[in-house]
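Let the sequences and hints guide you as you build the complete structure.
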Amino acid sequence: MNKMKYSLNPISKAKKWKIILSTGVLILLSLSLVQAQDEKSDESDKRPVKAPFESAQLMDLQSVVVPTAKTLEFNIQHRFGTVENGISELYGIYAPANIRMVFSYTPIENLALGFGFTKFKKQVDLNLKYAIVKQRRDWSIPVSVTYSGNIVIDTRAPENFAEDAHRLSFYHELNVASRLNSKISLQLTPSFSHFNAVDSLYKNDMIAVAIAGRYKFSAQSSIMISYVQQLTDHNDPNFKLKPGVTIGWEIATSGHGFQIFFTNFQGIIPQENIAYNSFDFFKGEFLIGFNITRLWNF
0 MNKMKYSLNP
10 ISKAKKWKII
20 LSTGVLILLS
30 LSLVQAQDEK
40 SDESDKRPVK
50 APFESAQLMD
60 LQSVVVPTAK
70 TLEFNIQHRF
80 GTVENGISEL
90 YGIYAPANIR
100 MVFSYTPIEN
110 LALGFGFTKF
120 KKQVDLNLKY
130 AIVKQRRDWS
140 IPVSVTYSGN
150 IVIDTRAPEN
160 FAEDAHRLSF
170 YHELNVASRL
180 NSKISLQLTP
190 SFSHFNAVDS
200 LYKNDMIAVA
210 IAGRYKFSAQ
220 SSIMISYVQQ
230 LTDHNDPNFK
240 LKPGVTIGWE
250 IATSGHGFQI
260 FFTNFQGIIP
270 QENIAYNSFD
280 FFKGEFLIGF
290 NITRLWNF
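Each residue of the sequence shown is one higher than the last, beginning at 0 in numbering that gives the first Met the number 0.
Rather than coming from a laboratory, the hints here were simulated on the basis of the structure.
Hints may contain errors.
[Unchecked claim] As a list, the in silico DSSO-like pairs of lysine-lysine whose alpha-carbon atoms are at most 30 angstroms apart: (1) Lys49 / Lys121; (2) Lys120 / Lys45; (3) Lys49 / Lys118; (4) Lys182 / Lys215; (5) Lys239 / Lys202; (6) Lys182 / Lys118; (7) Lys118 / Lys239; (8) Lys69 / Lys133; (9) Lys282 / Lys120; (10) Lys282 / Lys215; (11) Lys215 / Lys45; (12) Lys182 / Lys133; (13) Lys69 / Lys45; (14) Lys133 / Lys202; (15) Lys182 / Lys69; (16) Lys118 / Lys69; (17) Lys69 / Lys49; (18) Lys282 / Lys69; (19) Lys49 / Lys182; (20) Lys282 / Lys121.
[Stated by the list, open to error] Simulated DEER-style distance windows between Cβ atoms: (21) Leu71 / Ile131: 21 to 27 angstroms; (22) Ile92 / Lys202: 31 to 37 angstroms; (23) Lys202 / Glu108: 36 to 42 angstroms; (24) Ser217 / Leu173: 29 to 35 angstroms; (25) Glu108 / Asn237: 46 to 52 angstroms; (26) Ile131 / Asp204: 40 to 46 angstroms; (27) Ala161 / Gln219: 46 to 52 angstroms; (28) Ile222 / Asn195: 20 to 26 angstroms; (29) Leu125 / Lys239: 19 to 25 angstroms; (30) Asn203 / Asp44: 42 to 48 angstroms; (31) Leu125 / Thr67: 20 to 26 angstroms; (32) Gly254 / Ala196: 37 to 43 angstroms; (33) Asn237 / Lys49: 46 to 52 angstroms.
A virtual CB, placed ideally from N, CA and C, is assigned to each residue, including glycine.
The structure is reproduced here in structure tokens:
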């Protein structure tokens, strides 16, 4: 059976995660001291750097990238069941799976608008992404900053909700990333999630922070890793909230992107993953996921 629980346990090591968050902030603040090792640096070149990541999607996260103006993006995100039942479920491939299909369009430079459909809870989402600042080649601006947010509607039957407003949840994040050189990029993502209605032991608001990185080892291939830590907790003693860990491989061209990875996030919708994840990556409670992206320029 696919394991999907919806309750949480307090994080007793808050100090530890404050150290992790502080370390991530210090890394990004110190990027201005780092110079590209295999790219020519021109102090007079104030153009934006090449994109820190190949895709707007960074496995379970959004990357700092916004597609160029007049670009239509179609994304398929698939998550199989967890691998813990082994060959009997073909390592999760035969288990209940989750899938999301997303369309987004960039009508003007730096702004992307989209909508998606997710299998679990029959969720429909409206999303927005805006590039606030772009890193410069002369390092006068050492980071790129992008806002990303969504509104999600749970479209299950009316008997699941006391009021229609209880169907709604909201998500906001700020992506701060830097391309250190042609091979290495780092990203820090603080986020805020809000649910209009939750069970009595749950909190409506959740705060989390993610750290992600990419190592590009060939013209089209990269290794990526991300870690998402919740900084807010629910009050249910019977549920243990787990952070998100994702490790994957990306193959990308100018018009296509394919990412395959191991993750303990199955919800796909970011606020669902942050608020309700009970899978422990380090106990084998992870699953195989993949993203397929296709871009069209008009």
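Comparing the hints with the structure gives:
1. Lys49 / Lys121: Violated, at about 37 angstroms.
2. Lys120 / Lys45: 46 angstroms, violated
3. Lys49 / Lys118: 35 angstroms, violated
4. Lys182 / Lys215: Distance of about 5 angstroms is within 30 angstroms: holds.
5. Lys239 / Lys202: 14 angstroms, holds
6. Lys182 / Lys118: With Cα atoms ~35 angstroms apart, Lys182 and Lys118 exceed 30 angstroms; violated.
7. Lys118 / Lys239: 24 angstroms, holds
8. Lys69 / Lys133: 19 angstroms, holds
9. Lys282 / Lys120: Holds - the C-alpha atoms of Lys120 and Lys282 are around 26 angstroms apart, at most 30 angstroms.
10. Lys282 / Lys215: With a Cα-Cα distance of about 29 angstroms, the restraint between Lys282 and Lys215 holds, given a limit of 30 angstroms.
11. Lys215 / Lys45: Holds, at roughly 24 angstroms.
12. Lys182 / Lys133: Holds, because 18 angstroms separates the two Cα atoms, which is no more than 30 angstroms.
13. Lys69 / Lys45: Holds, at about 24 angstroms.
14. Lys133 / Lys202: This hinted pair is violated, its Cα atoms lying about 35 angstroms apart.
15. Lys182 / Lys69: 28 angstroms, holds
16. Lys118 / Lys69: 29 angstroms, holds
17. Lys69 / Lys49: 18 angstroms, holds
18. Lys282 / Lys69: 44 angstroms, violated
19. Lys49 / Lys182: It holds: about 11 angstroms lies between the C-alpha atoms, which stays within 30 angstroms.
20. Lys282 / Lys121: Measuring from Cα to Cα gives roughly 29 angstroms; hence the hint holds.
21. Leu71 / Ile131: 21 to 27 angstroms: 23 angstroms, holds
22. Ile92 / Lys202: 31 to 37 angstroms: Cβ of Ile92 to Cβ of Lys202: about 35 angstroms, so the range 31 to 37 angstroms holds.
23. Lys202 / Glu108: 36 to 42 angstroms: About 38 angstroms separates the Cβ atoms of Lys202 and Glu108, which means 36 to 42 angstroms holds.
24. Ser217 / Leu173: 29 to 35 angstroms: 31 angstroms, holds
25. Glu108 / Asn237: 46 to 52 angstroms: At 49 angstroms between Cβs, range holds.
26. Ile131 / Asp204: 40 to 46 angstroms: 23 angstroms, violated
27. Ala161 / Gln219: 46 to 52 angstroms: Since the Cβ atoms of Ala161 and Gln219 sit about 50 angstroms apart, the hinted range of 46 to 52 angstroms holds.
28. Ile222 / Asn195: 20 to 26 angstroms: 38 angstroms, violated
29. Leu125 / Lys239: 19 to 25 angstroms: Violated, at about 32 angstroms.
30. Asn203 / Asp44: 42 to 48 angstroms: Cβ of Asn203 to Cβ of Asp44: about 47 angstroms, so the range 42 to 48 angstroms holds.
31. Leu125 / Thr67: 20 to 26 angstroms: This hint holds: roughly 22 angstroms between Cβ atoms.
32. Gly254 / Ala196: 37 to 43 angstroms: Given about 41 angstroms between the Cβ atoms, the range holds.
33. Asn237 / Lys49: 46 to 52 angstroms: 48 angstroms, holds
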